[in-house]
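Number of protein chains: 2
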Amino acid sequence: MDKFEEKTLFRKPVFSGKIIQVFVDQVALPSGETAERELVFHPGGVAVLPITADNKMIFVKQFRKPLEKVTLEIPAGKIEGRDDAPLKTAQRELEEETSYQAKKWEKITSFYLSPGFANEILHIYEAKDLIFVEEPLPQDTDETIELFTLTLAQAKKEIESGLICDAKTIFALYYWELQQILEK
Amino acid sequence: MDKFEEKTLFRKPVFSGKIIQVFVDQVALPSGETAERELVFHPGGVAVLPITADNKMIFVKQFRKPLEKVTLEIPAGKIEGRDDAPLKTAQRELEEETSYQAKKWEKITSFYLSPGFANEILHIYEAKDLIFVEEPLPQDTDETIELFTLTLAQAKKEIESGLICDAKTIFALYYWELQQILEK
Numbered sequence: 024m025d026k027f028e029e030k031t032l033f034r035k036p037v038f039s040g041k042i043i044q045v046f047v048d049q050v051a052l053p054s055g056e057t058a059e060r061e062l063v064f065h066p067g068g069v070a071v072l073p074i075t076a077d078n079k080m081i082f083v084k085q086f087r088k089p090l091e092k093v094t095l096e097i098p099a100g101k102i103e104g105r106d107d108a109p110l111k112t113a114q115r116e117l118e119e120e121t122s123y124q125a126k127k128w129e130k131i132t133s134f135y136l137s138p139g140f141a142n143e144i145l146h147i148y149e150a151k152d153l154i155f156v157e158e159p160l161p162q163d164t165d166e167t168i169e170l171f172t173l174t175l176a177q178a179k180k181e182i183e184s185g186l187i188c189d190a191k192t193i194f195a196l197y198y199w200e201l202q203q204i205l206e207k
Numbered sequence: 024m025d026k027f028e029e030k031t032l033f034r035k036p037v038f039s040g041k042i043i044q045v046f047v048d049q050v051a052l053p054s055g056e057t058a059e060r061e062l063v064f065h066p067g068g069v070a071v072l073p074i075t076a077d078n079k080m081i082f083v084k085q086f087r088k089p090l091e092k093v094t095l096e097i098p099a100g101k102i103e104g105r106d107d108a109p110l111k112t113a114q115r116e117l118e119e120e121t122s123y124q125a126k127k128w129e130k131i132t133s134f135y136l137s138p139g140f141a142n143e144i145l146h147i148y149e150a151k152d153l154i155f156v157e158e159p160l161p162q163d164t165d166e167t168i169e170l171f172t173l174t175l176a177q178a179k180k181e182i183e184s185g186l187i188c189d190a191k192t193i194f195a196l197y198y199w200e201l202q203q204i205l206e207k
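Residue numbers (the numbering used here), protein chains in the order written: chain Z, 24 to 207; chain A, 24 to 207.
Read the hints as simulated data drawn from the structure, not as lab findings.
Worth double-checking, as some hints may not be accurate.
One-sided excerpt, in silico: chain A residues whose CB lies under 7 Å from chain Z [unchecked claim]:
id, residue
1, 53
2, 167
3, 172
Output of the computed footprint for chain A on chain Z, the stretches with three or more beta carbons under 8 Å from beta carbons of chain A [what the hints assert, rightly or not]:
id, segment
4, 69 to 76
5, 113 to 124
6, 138 to 144
7, 154 to 161
Computed spacing ranges between beta-carbons, pair by pair [claimed, not checked]:
id, chain 1, residue 1, chain 2, residue 2, range
8, A, 79, Z, 161, 46 to 56 Å
9, A, 202, Z, 180, 16 to 26 Å
10, A, 59, Z, 34, 21 to 31 Å
11, A, 157, Z, 36, 38 to 48 Å
12, Z, 164, A, 47, 10 to 20 Å
13, A, 34, Z, 36, 15 to 25 Å
14, A, 177, Z, 35, 37 to 47 Å
15, A, 161, Z, 111, 26 to 36 Å
16, A, 34, Z, 161, 40 to 50 Å
17, Z, 110, A, 160, 18 to 28 Å
18, A, 30, Z, 170, 18 to 28 Å
19, Z, 34, A, 156, 33 to 43 Å
A virtual CB, placed ideally from N, CA and C, is assigned to each residue, including glycine.
Bound conformation, chain Z alone (with noise of 0.2 Å):
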C-alpha cells in the first residue's frame, strides 16, 4: 500500500448538494512530489435485473439531463439514508419503478463506476419470481418513467439504436447472455 498511497495534505471543500459532495484534495504522492485530486463523493446506489417468468427483462424509459437525452435502464437508484441495506434499496426501487416485487433475489457484484474522481458504488442483483403489486410503493416525484418488457435479442438491439447506453445497462446485457449460455 505505501508505495502506491497519495496522503491527503490538504481537502478543500468546493461544492455539497442533496447528492453529491465535491472537494479538491491536495495529496503526497509516493514520490514526494505533490498533485491535485478532484474529487467526487456520492452515498452509492443498487441496480436490479428483473427477469419475468417468460425470461424478459424489465427497463426503465427516463430523461437523464445530464446526457440531454432519454435511456433505456434497468431499474436503479440511490442508497438514501446511512441505514439503508442495498437489498432492501433494491426491493424498494424495484416495487417503486416497476410495481413489482420479487421472491427471489441474488447478489451479482457490486462496483464503482468512476474510480478516477468518485467513489460512487452499484450494487447489483437479480431478481426472479416477480409479483405485481397493486398497490405499489409511489415513484419519486420528479420522475416520469415508462417501463419495457424485452428479450436480450430486442435489448441488445438497443445498444445499437443507442438507447440503451449506460455501464450498469450494458452489464446487465451481457451477464444475462452469459448467464443464458451456462444455464444449457
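Guided by the hints, dock chain A onto chain Z, whose structure is given.
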C-alpha cells in the same frame, strides 16, 4: 422525447476544475413542476482490454484517491483534447501505461458510467497482437502504477479479493469470458 424532457430554466456553475465541471440546474419537469439536478461534466475516457498471445489480460495496479485504496483495473485514461479521437487516446494510454502497442484494435462498446448525474462516457477497445515497445511514451508524472498479467481465472479471484472492483474492469471480465465461450 417531449413527454420526458426536462428543460433547463437556470444553470448555476458551482465548480470548474481541471477534470470535472459541476453545475446545478433548475429544470421544468414534464408535469410542470420544477426540480434541481446536480450535474458533473467530464471529458470522457477510454479503456483497453489488452489480450496477450497466451490469452492473458494486462491490468494496472494503482492507488485511487476517491476510494482510498489500491485497485487492479484495465488500462484507461481521459480524453485530453477536443480533437483527441477515442481510438488514438486508447492507443496512447495502452503504450503509456503498459509499454505495449497493438496491431489489432476492435471497438467493444461505449457506455455512460453514471447517467443520473454525470455525462462521462467510456469507449472500450480490445487490443490484440501486442508488441513490446523499447522506448514507450512516458507515463503521466503523477501516476504510480504496476502491471499484472492474469488469466481469466486469476482475474476472477481478484474480484473476490476486492482488488478488481470497478465497472469497466468487471465488465471486461464478463465480456472476455463470454467471448471465450462463444469462440469454442
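* Can the hint on residue 167 of chain A be confirmed by a CB-to-CB distance to chain Z that is less than 7 Å? -> Where the cut-off is 7 Å and the nearest Cβ of chain Z is about 5 Å from residue 167 of chain A, the hint holds.
* Asked: Range hint 16 to 26 Å: satisfied by the CB atoms of residue 202 of chain A and residue 180 of chain Z?
  -> holds (20 Å)
* To do: Given that the segment 113 to 124 of chain Z was listed as covered by chain A, double-check it with a C-beta distance under 8 Å for 3 or more residues.
  => violated (count 0)
* **Outcome for the supplied range 21 to 31 Å, where the beta carbon pair is residue 59 of chain A and residue 34 of chain Z** => holds (25 Å)
* If you check the beta carbons of residue 30 of chain A and residue 170 of chain Z, does the distance land in 18 to 28 Å? -> Holds: the Cβ-Cβ distance is about 24 Å, inside 18 to 28 Å.
* Distance restraint evaluation - residue 164 of chain Z, residue 47 of chain A, Cβ atoms, bounds 10 to 20 Å -> holds (19 Å)
* Holds or violated: 33 to 43 Å for the Cβ distance of residue 34 of chain Z and residue 156 of chain A? -> holds (38 Å)
* To do: Using the beta carbons of residue 79 of chain A and residue 161 of chain Z, state whether their distance is inside 46 to 56 Å or not.
  => With Cβ atoms ~50 Å apart, the hint holds.
* **Within 8 Å of chain A (C-beta), three or more residues of the segment 138 to 144 of chain Z** => It holds, with 6 qualifying residues against the three required.
* Range hint 37 to 47 Å: satisfied by the CB atoms of residue 177 of chain A and residue 35 of chain Z? -> holds (40 Å)
* **Stated coverage of the segment 69 to 76 of chain Z by chain A [criterion: 3+ residues, CB within 8 Å]** => Since 0 is below three, the answer is violated.
* To do: Just tell me: holds or violated, for the beta carbon distance of residue 157 of chain A and residue 36 of chain Z against 38 to 48 Å?
  => holds (46 Å)
Of the numbered hints listed earlier, those contradicted by the structure are 3, 4, 5, 7, 15, 16 and 17.
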